[in-house]
Amino acid sequence: MTSVPIAADTAVPNPSLLARAIGFFSGPVGLAIKLVLLAVLNALAFWAVGVLLADQKWIAALAVGGATLLIDLVYLVPDKRLIPLKFLVPGMVFLVAFVVIPIVANANIAFTNWSTGHNLSKDEAIVAIQEVSLVAPADGASYVMTPAEQRGELVLLLVNEATGKPYVGTEDGLEPLSPANVTIANGAVTAAEGYELVQGEELAGIDQQLSTLLVPTGESSFVRAEGLSLAVELQPTLVYVAANDTFRNIETGVVYRDNGKGSYESVTGTTLEPGWRTHVGFENFVTVLTDPLVRDPFVRVFVWTFAYAFLSVFIQFVIGLFLAIVLNKPDLKLKRIQRAFLVLPFAIPAFLSVLVWAGLLNDEFGVINQTLGTNIPWLFDPTWAKVSCILVNVWIGFPYWFLVCTAALQAVPEELTEAARVDCAGPLQVFRRVTLRSCSSSRPRS
Amino acid sequence: MLSTHRLRVVAGLAVTAIAAVVAVSSGSSATNATTLVIWADADRVPAVTQVANAWAAPKGVTVQIVQKNFGDIRSQLNTVAVETAPDVIVGAHDWVGELSANGSVLPLSPSAGTKKQFPAYALNSFSYGIAVKKLFGAPVALENIALVTNTALAKVPTSFADMERQALAAKKKTKAQVGIAVQQGSGGDAYHMYPFFSGLGGYIFGTNAVGNLDPSNIGVANAKFLKNAPLIDKWNKESLIRSQVAWDTGRDLFTKGKVAYYITGPWFLSDIQKSGVKYAISGFPQIVPGINSVPFLGVQGFMVTKFSAPHGVESLAKDLVANYMMQPSAQLALASANGRFPANLKAAAQVKDKDLKAFGKASEGGVPMPNIPQMASVWGDLGAAWVRSTKGAGAIPARRSFIGAQKSIAQKIG
Numbered sequence: 065m066t067s068v069p070i071a072a073d074t075a076v077p078n079p080s081l082l083a084r085a086i087g088f089f090s091g092p093v094g095l096a097i098k099l100v101l102l103a104v105l106n107a108l109a110f111w112a113v114g115v116l117l118a119d120q121k122w123i124a125a126l127a128v129g130g131a132t133l134l135i136d137l138v139y140l141v142p143d144k145r146l147i148p149l150k151f152l153v154p155g156m157v158f159l160v161a162f163v164v165i166p167i168v169a170n171a172n173i174a175f176t177n178w179s180t181g182h183n184l185s186k187d188e189a190i191v192a193i194q195e196v197s198l199v200a201p202a203d204g205a206s207y208v209m210t211p212a213e214q215r216g217e218l219v220l221l222l223v224n225e226a227t228g229k230p231y232v233g234t235e236d237g238l239e240p241l242s243p244a245n246v247t248i249a250n251g252a253v254t255a256a257e258g259y260e261l262v263q264g265e266e267l268a269g270i271d272q273q274l275s276t277l278l279v280p281t282g283e284s285s286f287v288r289a290e291g292l293s294l295a296v297e298l299q300p301t302l303v304y305v306a307a308n309d310t311f312r313n314i315e316t317g318v319v320y321r322d323n324g325k326g327s328y329e330s331v332t333g334t335t336l337e338p339g340w341r342t343h344v345g346f347e348n349f350v351t352v353l354t355d356p357l358v359r360d361p362f363v364r365v366f367v368w369t370f371a372y373a374f375l376s377v378f379i380q381f382v383i384g385l386f387l388a389i390v391l392n393k394p395d396l397k398l399k400r401i402q403r404a405f406l407v408l409p410f411a412i413p414a415f416l417s418v419l420v421w422a423g424l425l426n427d428e429f430g431v432i433n434q435t436l437g438t439n440i441p442w443l444f445d446p447t448w449a450k451v452s453c454i455l456v457n458v459w460i461g462f463p464y465w466f467l468v469c470t471a472a473l474q475a476v477p478e479e480l481t482e483a484a485r486v487d488c489a490g491p492l493q494v495f496r497r498v499t500l501r502s503c504s505s506s507r508p509r510s
Numbered sequence: 016m017l018s019t020h021r022l023r024v025v026a027g028l029a030v031t032a033i034a035a036v037v038a039v040s041s042g043s044s045a046t047n048a049t050t051l052v053i054w055a056d057a058d059r060v061p062a063v064t065q066v067a068n069a070w071a072a073p074k075g076v077t078v079q080i081v082q083k084n085f086g087d088i089r090s091q092l093n094t095v096a097v098e099t100a101p102d103v104i105v106g107a108h109d110w111v112g113e114l115s116a117n118g119s120v121l122p123l124s125p126s127a128g129t130k131k132q133f134p135a136y137a138l139n140s141f142s143y144g145i146a147v148k149k150l151f152g153a154p155v156a157l158e159n160i161a162l163v164t165n166t167a168l169a170k171v172p173t174s175f176a177d178m179e180r181q182a183l184a185a186k187k188k189t190k191a192q193v194g195i196a197v198q199q200g201s202g203g204d205a206y207h208m209y210p211f212f213s214g215l216g217g218y219i220f221g222t223n224a225v226g227n228l229d230p231s232n233i234g235v236a237n238a239k240f241l242k243n244a245p246l247i248d249k250w251n252k253e254s255l256i257r258s259q260v261a262w263d264t265g266r267d268l269f270t271k272g273k274v275a276y277y278i279t280g281p282w283f284l285s286d287i288q289k290s291g292v293k294y295a296i297s298g299f300p301q302i303v304p305g306i307n308s309v310p311f312l313g314v315q316g317f318m319v320t321k322f323s324a325p326h327g328v329e330s331l332a333k334d335l336v337a338n339y340m341m342q343p344s345a346q347l348a349l350a351s352a353n354g355r356f357p358a359n360l361k362a363a364a365q366v367k368d369k370d371l372k373a374f375g376k377a378s379e380g381g382v383p384m385p386n387i388p389q390m391a392s393v394w395g396d397l398g399a400a401w402v403r404s405t406k407g408a409g410a411i412p413a414r415r416s417f418i419g420a421q422k423s424i425a426q427k428i429g
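So the protein lines, in turn, are chains A and B. If you read the first sequence in this note's numbering, its first letter stands for residue 65, the second for the next number, and so on. If you read the second sequence in this note's numbering, its first letter stands for residue 16, the second for the next number, and so on.
Keep in mind the hints are simulated off the structure, nothing from the lab. Some hints here could point you the wrong way.
Here are the simulated BS3-like pairs of lysine-lysine, each with C-alpha atoms no more than 25 Å apart in a straight line [unchecked claim]:
#  : chain 1 : residue 1 : chain 2 : residue 2
1  : B       : Lys149    : B       : Lys170
2  : B       : Lys376    : B       : Lys293
3  : B       : Lys289    : B       : Lys376
4  : B       : Lys131    : B       : Lys427
5  : B       : Lys188    : B       : Lys289
6  : B       : Lys190    : B       : Lys130
7  : B       : Lys148    : A       : Lys186
8  : B       : Lys289    : A       : Lys229
9  : A       : Lys229    : B       : Lys131
10 : A       : Lys325    : B       : Lys427
11 : B       : Lys170    : B       : Lys190
12 : A       : Lys186    : B       : Lys149
13 : B       : Lys131    : B       : Lys361
14 : B       : Lys376    : B       : Lys361
Keep in mind that this is a model prediction, so the values were computed, not measured.
I would like the entire structure built from these sequences, with the hints used as guidance.
Written as structure tokens, this is what we have:
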């Protein structure tokens with residue numbers, strides 16, 4: 065191997081293009097490009113570390129920060145021993161990002177119960193269970209609500225939907241308002257003495273305060289805003305006891321405990337929805353091996369996947385080789401046109417061929433059954449459907465092997481087959497001993 | 016020499032660090048206006064844009080509508096990052112079981128006056144809960160299949176016997192392979208076969224004392240249905256229906272005038288109108304006296320996601336969905352924009368389109384598709400049972416086929 069093969073044969077008087085490019089980029093231009101690229105990388109890393117720190121993901125933040133610093137050093141420290149790393153680092157970064165991390169993440173998920181009903185973190189699940197357990201109490205009221213401010217504090221001006229009486233709701237409780245001091249129109253408070261209504265574009269700003277403001281009305285019941293113009297009285301049916309991490313049904317006293325599988329479960333086996341994501345060890349793998357509902361289809365699919373791959377490639381190869389040999393006969397006429405026709409299935413996009421075949425194989429209206437006068441359920445019977453799949457795949461794939469084998473056959477010197485024939489070898493013998501052998505040694509590396 | 020090198024390293028780090036700090040600080044200093052993100056499918060984007068903007072403008076809120084494939088809305092909600100997550104989604108009522116079991120959507124409490132404007136089943140179908148049943152979505156549009164008659168070939172049937180006779184007569188005349196075009200395909204289609212299924216006495220889940228669907232009571236092969244099941248074998252023998260008819264073959268059979276009857280939904284209405292075939296839309300006649308033949312009802316609506324709380328727009332989202340979107344005017348605008356019947360009764364009374372009204376009429380008595388997660392185990396087996404029994408030659412007697420389906424479903428639900 066020569067050191068600069070690209071420029072070697074271009075006979076130009078001045079230094080080669082490559083050499084000039086290297087010269088150009090070695091100077092301040094290269095340094096500037098390097099600094100800009102590193103600056104972009106660092107900016108991204110700064111942002112990422114900021115986000116990670118805000119989410120309290122310390123290890124990830126440390127990893128991102130450390131890796132970025134190391135990359136900076138590799139490209140900035142002028143040490144000869146670091147030169148190979150300059151070439152390796154980009155590859156390694158992409159390897160980690162697109163190969164290592166997905167593999168680790170997938171393997172990790174395999175050991176969790178992540179599925180419908182187990183999609184939240186435990187903290188989120190506790191909040192969601194409390195939220196879902198809220199019901200309107202037996203005598204619970206609903207109110208037409210107008211958010212307002214009193215001395216800078218958010219309050220709810222409420223009109224009972226049933227009685228039409230006005231109230232003001234604060235963190236301390238519900239107080240009746242004197243009807244003399246408020247104006248009510250269309251069932252809602254439109255003005256109130258001592259209160260400043262929050263209206264129009266100000267509504268967007270109070271959302272968080274509004275949705276978290278609970279107006280206590282009893283031991284556990286409260287009035288809460290539902291949207292911007294309605295408030296309802298609600299009370300929980302389940303209460304979370306943080307001390308021993310359980311939920312208790314207020315009415316029946318039933319206690320739900322963390323069952324270690326991502327749900328709160330009572331002694332009778334009823335679980336609360338939603339559950340949360342958690343590691344369950346080898347449970348998923350045990351299910352695959354022991355539960356016949358999962359195992360049987362899994363084994364079937366697994367076996368068929370291999371059978372399908374083997375059968376379709378093998379049949380494609382056999383047909384491709386056969387056709388290549390047939391068309392390799394020296395005295396055949398119109399060889400090129402015939403070959404071109406055989407390559408056609410390869411030239412048509414596979415998804416088109418598949419659609420066309422689906423129509424051809426339709427057992428009631430399809431051309432194949434109508435031409436043959438048969439009634440074969442090509443796509444409806446599990447066994448026939450498998451046959452159809454292989455058939456179509458062979459159709460799509462054999463031209464590839466035909467091309468490969470034709471190329472290989474043409475590399476077999478004609479003298480060899482001729483010599484074999486002179487030595488009285490039959491056609492099969494010539495094929496096995498000479499053609500196939502020379503082919504396999506000159507097989508294209510793909 | 017060494018000191019220049021060191022200088023270069025320090026200078027390089029300093030330059031990049033400063034650039035980074037400047038970039039980050041300028042990025043975060045951008046002001047954050049209140050934005051509400053809505054995920055909607057292509058069909059509904061224009062209508063939702065119009066209605067949501069009308070709501071948002073006076074409140075100083077910006078609405079951002081993200082177009083998604085309908086099915087992707089459900090699946091991507093499970094994995095989306097908080098930053099890009101929607102606050103409000105368009106969805107179907109049968110997603111509610113899964114989404115609320117995942118804690119992805121928030122319960123809603125519309126006012127009593129608003130609730131009164133909706134048929135009970137529409138609210139029920141968007142409600143879910145094992146112990147406490149809560150509303151998780153605002154129903155907007157009803158979707159169901161109906162019977163479409165080619166009026167040049169046959170009359171709107173007065174009874175099922177009449178329909179069967181006319182369908183077979185038309186089949187003979189046009190030399191079609193089937194009498195009634197109803198789509199199944201190789202995977203089966205329990206949804207489109209439901210009028211036949213319910214008309215023969217079948218049901219999917221019974222209800223318990225509280226009125227919740229009971230997954231332990233499966234009615235795929237109940238006694239009443241099995242008694243009537245031999246009719247399916249008769250239909251198969253006379254090629255009244257055939258499992259080989261897929262969605263496209265079914266549509267082509269009708270739009271090319273080959274069949275007298277077509278069972279389909281409003282999504283193919285424009286194809287039918289384009290084809291020039293004269294048609295009439297109606298409900299289904301009773302197959303067996305005393306049992307109504309009804310379609311499945313799909314109810315579509317809006318839901319508030321759990322992400323609205325961390326985004327700081329929970330009350331706004333609830334106001335849009337549980338208050339504004341449930342009003343007659345918004346309902347009418349949303350429902351007519353993509354050719355579906357509105358769920359709100361006051362809005363329904365104002366529908367003028369004749370075909371839309373006919374689809375609405377065909378929905379009467381319909382059964383909302385079960386919204387409990389166990390329904391996922393039913394579709395495949397029930398569809399396959401129909402395919403096995405209506406595939407023409409080599410079909411399995413319906414009795415055996417549906418008993419097998421019932422067993423398989425029960426096993427999957429456990």
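Hint check:
1. B:Lys149 <-> B:Lys170: At roughly 45 Å apart (the allowed maximum being 25 Å), lysine 170 of chain B and lysine 149 of chain B break the hint.
2. B:Lys376 <-> B:Lys293: The given pair, whose Cα atoms are some 20 Å apart, holds under the 25 Å limit.
3. B:Lys289 <-> B:Lys376: holds (23 Å)
4. B:Lys131 <-> B:Lys427: Status violated; Cα separation ~38 Å.
5. B:Lys188 <-> B:Lys289: OK: lysine 188 of chain B and lysine 289 of chain B at ~23 Å, within 25 Å.
6. B:Lys190 <-> B:Lys130: violated (51 Å)
7. B:Lys148 <-> A:Lys186: holds (22 Å)
8. B:Lys289 <-> A:Lys229: Cα-Cα ~58 Å, so violated.
9. A:Lys229 <-> B:Lys131: holds (22 Å)
10. A:Lys325 <-> B:Lys427: holds (21 Å)
11. B:Lys170 <-> B:Lys190: Roughly 19 Å between the alpha carbons, so the hint for lysine 170 of chain B and lysine 190 of chain B holds.
12. A:Lys186 <-> B:Lys149: Roughly 22 Å between the alpha carbons, so the hint for lysine 186 of chain A and lysine 149 of chain B holds.
13. B:Lys131 <-> B:Lys361: Holds: lysine 131 of chain B and lysine 361 of chain B sit about 10 Å apart, inside 25 Å.
14. B:Lys376 <-> B:Lys361: holds (15 Å)
When held up to the earlier numbered hints, the structure conflicts with 1, 4, 6 and 8 and fits the remainder.
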